[in-house]
Amino acid sequence: MKVLVPVKRVPDTAGEKKIDPNDNTVDRESVESVLCPVNEFAIEEAVRLKESHDAEVTVLLVGPESAQPIVRKALSYGLDAGLQVTDDAIAGSDALGTARVIAKALEEQEFDLVLFGNQSTDARTCLVPAAVAELLGLPSLTYARHLEIDGGSVTVHREHEEGWDVVTSQLPAVVSVVEAINEPRYPSFKGIMAAKSKPLDVRSLADLGVEPEQVGANGATATMYEFKDRPPKEAGTIVEDDGTGAAAAQLADWMTEKKFV
Amino acid sequence: MHTLPEEHRHLLELVRGFATTDVAPQADGYERAHEFPRPLFDQLAAMDLTGLPFGAAVGGSELPYRVYLMVVEELSRASLALGMGLSVHTLATWAIDSYATPEQRQLLVPDLVAGRALGAYALSEPGAGSDAASITTRARRDGDVYLLTGTKAWVTHGGVADRYLVMARTGAADAGGISAFVVDADQPGMTVAEPESKMGLWSSPTAQLILDDAPVPADRLLGDVEGQGFRVGMASLDGGRLGIAACAVGLAQAALDVAVGYAREREQFGRPIGDFQGVSFLLADMATRTEAARALYRSAAERRDHASGVGPHAGTPGAGTGYPTTIPSAMAKLAATDAAMQTTTDAVQVLGGAGYTTDYPVERYLREAKVLQILEGTNQIQRMLIGRQLTAPRA
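Residue numbers (the working numbering), protein chains in the order written: chain A, 610 to 870; chain B, 257 to 651.
Check before you lean on any hint, since a few could be wrong.
Unchecked claim - Straight line, CA to CA, 25 Å or less: simulated SDA-like cross-link-like pairs of lysine to any residue:
id	chain 1	residue 1	chain 2	residue 2
1	A	K799	A	N633
2	A	K799	B	R265
3	A	K805	B	L260
4	A	K659	B	K454
5	A	K799	B	E263
6	B	K454	B	G415
7	A	K799	B	T277
Said to hold, decoys possible - Chain A residues, not near chain B, derived (Cβ > 12 Å throughout):
id	residue
8	D636
9	E674
10	T730
11	G800
12	T832
13	Y834
None of these hints come from the bench; they were simulated from the model. Quick reminder that beta carbons are idealized off the backbone N, C-alpha and C, glycines included.
Model the full assembly from the supplied sequences, consistent with the hints where possible.
Right, here's the structure in full:
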């Protein structure tokens, strides 16, 4: 089977992120860029499909040329090939614009399964996997915490607040996974070395037949007009125990008020 | 690290991530449980880190010894038992890889390089420590087997290893009468005694091997040659001692990290104790000593790589001629383990009463540092080797 794993370059999750006031996008210079940690779960699931189903896995990244190390990083987990879509016109794309580019890139590929992380750690919209499925007219199975392939079908456990639903679909399909699905392994040293020589195809918007007006800041349906720094943290409420038991009641009231209970 | 080639930098980033995220948080738990961290060693294997300095023909990564040692240092900073585990495993694997016949190499080495099998080294005996040539374990040829009888002592990984390099006497009562055997853990006639009750390094078991007419197949005589066991033992210690030096630097760095963190936060007389010269000079000496030890083991490793013709100096005069590097290795082991002893002791001092409790890891580091001055040749033996070289009659 053939699997495609779209990945994203994001600012280091642990780093302090800044917005560039000139174009209201993340200031890439201010913080180190990394492979989105949620993607590691999709990659691990793909590696498992390599082991169990002899899957051939291609990693797809939409982003500038400078993001190529992220593709190599993804390949170091043992994936087979890379595909990068790079074009200046993509900068500033919103979720739908990104989904358009990914969908067009996927149209050119043969695949049985597309494996996304359910969200990126910078934008956290959770929109792209479903948008790509919609644009391609494929079944969309999101928030998978468990995945099984059986012949021509895929079954996932779709996580929600009260548990999970068991959802089955024919392949090809688009699946997004949540972090509960597995425990990603480290790449191996030999995997890191091998990643350098794995095939990597670089395509432009023109190659894919995407009109530049449909993507990037110009094609975005969402516009950021303004941003503010997060307000400083306020002091918490301190409940003191005076020995009368009043503190317990106070605590219970507070928890009820905040809807914790 | 900034001067390293990209592939070595990526390797060390991988190791540091693993050491920080997976190893360090578990190190103390394994210590208290007196349990070898085999799952962590298995993870090293899965990441291709158990065969870094070995040839591609046996599945290794053909990295310079210097880079392999940087990996050992990084792991030891998080867990000495694991860092030293890799060092001892590499020592045993190197000996087998270097002296095996082609058939033995093909049969015995790939498993060790891939980390599917854990290696161990059994030279010392209850009555033969520093005087290693005086071992009394005998190996008597009997048809297709050698019958091994005797007790090997202070075996790191005793009871948890899968493959042991065992030195036993096949001939005269001198160094030339010793042979090396590769013995599997399930060898009939071999039992492992209860692990020693030690001062520290609890998660790295140390035990005796008791051999009672153990019939070791004759094709497990390393190199298919009798009498080269002492040479194998000493040559492999040259590399092993560099491994111990790297372990010591990792341990010293760990102690320094804790001491510096504490000195910056702990306040007395209204300011952090690190502001006082009495403490900051202690820290300055700890940092300098650790860095000096690091520089020494890395320069000794460069000489080793030059002698074996790998690394950046390949092709320069004398490279690949295999000249001995016993003295630089002895110096690195001596300096680094003495530095670790002093630095861990000083770290306890910086933390004061807190350092003497098990709430902080520095008391453990101090106990662990002590053994590094003893194993793989006491530091007195290292001085003897260095001194002997200095005063040897000149040709």
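Just pull the numbers of the violated hints for me, sorted ascending. Numbers 1, 4, 11, in rising order.
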